[in-house]
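Q: Following the hints, complete the assembly by docking chain U onto the known chain D.
So you can see what is in the structure, the chains are spelled out below.
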Amino acid sequence: MPKLIHYRERCIGCNACVEIDYDHWRMSRKDGKAVLIGGIEKKGVFQLDVRPEDIETCKQVVKACPVRVIKLEGK
Amino acid sequence: MSKYGKIEVMAPAGSKEAMAAAIKAGADSVYFGVEQLNMRARQTNNFLLEDLPEVAKLCDENGVKSYITLNTIIYDHDISLMKKIVDGAKAAGITAVIASDLAVMNYCRKVGMELHISTQSNVTNIETIEMFSSYADVMVMARELTLKQVGDIVKQIEREDIRGPKGELVQIEIFAHGALCMAVSGKCYLSLHSDNASANRGACVQNCRFKYEVKDENGNELEIDNEYIMSAKDLCTIEFLDQILDAGVRVLKIEGRGRAADYVYTTTQCYREAVDSIQEGTYTPEKIAVWRERLSTVYNRGFWDGYYMGQKMGEWSKSYGSVATTRKIYIGKSMKYFEQVGVGEFRMDSHDIKKGDKVLIIGPTTGLVEAIAEEIRLDNGQVVEKAVKGDTITFKVSEKVRPSDKLYKVVSENA
Chain D
1 MPKLIHYRER CIGCNACVEI DYDHWRMSRK DGKAVLIGGI EKKGVFQLDV
51 RPEDIETCKQ VVKACPVRVI KLEGK
Chain U
1 MSKYGKIEVM APAGSKEAMA AAIKAGADSV YFGVEQLNMR ARQTNNFLLE
51 DLPEVAKLCD ENGVKSYITL NTIIYDHDIS LMKKIVDGAK AAGITAVIAS
101 DLAVMNYCRK VGMELHISTQ SNVTNIETIE MFSSYADVMV MARELTLKQV
151 GDIVKQIERE DIRGPKGELV QIEIFAHGAL CMAVSGKCYL SLHSDNASAN
201 RGACVQNCRF KYEVKDENGN ELEIDNEYIM SAKDLCTIEF LDQILDAGVR
251 VLKIEGRGRA ADYVYTTTQC YREAVDSIQE GTYTPEKIAV WRERLSTVYN
301 RGFWDGYYMG QKMGEWSKSY GSVATTRKIY IGKSMKYFEQ VGVGEFRMDS
351 HDIKKGDKVL IIGPTTGLVE AIAEEIRLDN GQVVEKAVKG DTITFKVSEK
401 VRPSDKLYKV VSENA
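Chains D and U are the protein sequences, given in the same order.
Following the numbering used here, the numbering of the first sequence begins with 1 at its first residue and continues without gaps.
Following the numbering used here, the numbering of the second sequence begins with 1 at its first residue and continues without gaps.
Chain D on its own, in the form it takes in the complex (with noise of 0.2 angstroms):
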């Protein structure tokens, strides 16, 4: 299963990942940072297993995101 991270404490808060793919992400009007919508957590990096279909909007997130703190891992 391919899994969408988050490498979240260096998110800067642009905004650029919920405009491609507001299913997976919102932003957290308490810290300004991007929150991976069900991500599971293991110190400060959050974890979600997305669906095949799902890969080609995840991929555009990840190119999006300026500061490179997303990244996709596994097929």
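It is worth saying that the hints were derived from the structure and are not from the lab.
None of these values were measured; they are calculated from a predicted model.
Here a beta-carbon is modelled for each residue, glycine too, at the ideal position from N, C-alpha and C.
Hints are supplied without guarantee of correctness; some may be wrong.
[Claimed, not checked] Ranges of calculated distance between the beta carbons of each label pair, as one might list FRET restraints: (1) D:E9 to U:M182: 24 to 34 angstroms; (2) D:K63 to U:V184: 20 to 30 angstroms; (3) D:P2 to U:N62: 44 to 54 angstroms; (4) D:D49 to U:E54: 40 to 50 angstroms; (5) D:D54 to U:S194: 36 to 46 angstroms; (6) D:K63 to U:E385: 46 to 56 angstroms; (7) U:K166 to D:V45: 39 to 49 angstroms; (8) D:E53 to U:V388: 51 to 61 angstroms; (9) D:V45 to U:F240: 49 to 59 angstroms.
[As the list claims (entries may be wrong)] Residues on chain U that point at chain D, a partial pick, calculated with CB under 7 angstroms: (10) Q36; (11) R201; (12) G302; (13) D305.
A: For chain U alone, coordinates are given in the frame of chain D:
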């Protein structure tokens, strides 16, 4: 006090090391980013909300004003963090917030936090100053104005008696030294288009600093004598600083929150000395030449006088990165300081050190200490001409340094 009154030298503090170095070098004020809402959001060493009391205390103890740069564009989802930063700054006793988004200005006014206008607002005329004056006491002028335009603005502020919230005449600040933007600040979208990285959210990838080829639609390449077609040289005003003060500027900002402690130390010290010399009437060409020489030892893309001396095309840098005449190499860590004899003990982690080498010791509390390694001793007491990686060494250091401070040697770029 001279005819100019109080002149403020404002230094960048992109890290704790740089902040300590700025204070040591004689800055009147320091500016720094907190969390991600600042123009250097891409950097990892911005200060955190919980650092604010410590920063305020450090600045207060040293009689230095402290400013938070909160100058990105602000979205709805940023409002809560923005308010937390302003509230935290006010509670901690930070002097002021530097902003460009009206949301920040509005909130600062609501809670009574001192506000300065950022270069991102590109203030270029007296009407704008009048409008901002109900919010802000200090405004930095757009870097694209000429000194004459700046001087005229100051005169109009006096004539029209334009006062800020504190009740004093609005103070005019300009950038005195450091990198220049090829676009009007706050209006560059290159980085957003190329990398989806908005400069106005502090994520600039600095496209203007790259080399470019110029081709037409048929693939014919235009021969250009300089491929760095957008990389402006760095601003340096040390040679005409007296004219800047004559124009009525009272705050001199040194650019460089992305720069290391040694850069901040050297630039701050030069401008501090220059301002003091002008105040004392001892500002001479000989001194200027020395300052210029010293400024060229730290990061720079070559110097020019920016736009202050009149409309002209930008002067473009001829290389990527710095043309500084020296650079520092990391060689080890500080272990101990023997206060009574003024000797530091260091562990060599890399390269070597020779008798007579100029070294810098940089740390978050120490700031920056310069020394010449005159007498290098190994831990068995033997005096040596040269020590290498793995050695533990001692030599005289005139000021206290602290464990984990980093030891660098300064080498000539031409060596």
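Q: Does each hint fit the structure? Answer for all of them.
A: Evaluation of the provided hints:
1. Between D:E9 and U:M182 the Cβ separation comes to about 32 angstroms, which falls inside the hinted range of 24 to 34 angstroms.
2. Against the hinted window of 20 to 30 angstroms, the Cβ-Cβ separation of D:K63 and U:V184 comes to about 29 angstroms, which satisfies the hint.
3. Evaluation of the 44 to 54 angstroms hint for D:P2 and U:N62 yields a pass: the beta carbon distance comes to about 53 angstroms.
4. Take D:D49 and U:E54: their Cβ atoms lie about 41 angstroms apart, and the range 40 to 50 angstroms holds.
5. Against the hinted window of 36 to 46 angstroms, the Cβ-Cβ separation of D:D54 and U:S194 comes to about 27 angstroms, which falls outside the hint.
6. Separated by about 55 angstroms at the C-beta atoms, D:K63 and U:E385 satisfy the suggested range of 46 to 56 angstroms.
7. Between U:K166 and D:V45 the beta carbon distance is about 45 angstroms. The supplied range of 39 to 49 angstroms therefore holds.
8. Checked against the given bound of 51 to 61 angstroms, the beta carbons of D:E53 and U:V388, roughly 59 angstroms apart, stay inside it.
9. Here the CB-CB span from D:V45 to U:F240 is close to 51 angstroms, well matched to the stated 49 to 59 angstroms.
10. Evaluation of the U:Q36 hint against chain D yields a held restraint, the C-beta minimum of about 4 angstroms falling below 7 angstroms.
11. The restraint placing U:R201 at the interface with chain D holds, with a minimum CB-CB distance near 5 angstroms, inside the 7 angstroms limit.
12. Because the beta carbon of U:G302 sits about 29 angstroms from the nearest beta carbon in chain D, more than 7 angstroms, this interface hint is broken.
13. The closest approach between the C-beta of U:D305 and any C-beta of chain D is roughly 33 angstroms, which is over the 7 angstroms cut-off, so the hint fails.
Violated hints for the displayed structure, listed by number in ascending order: 5, 12 and 13.
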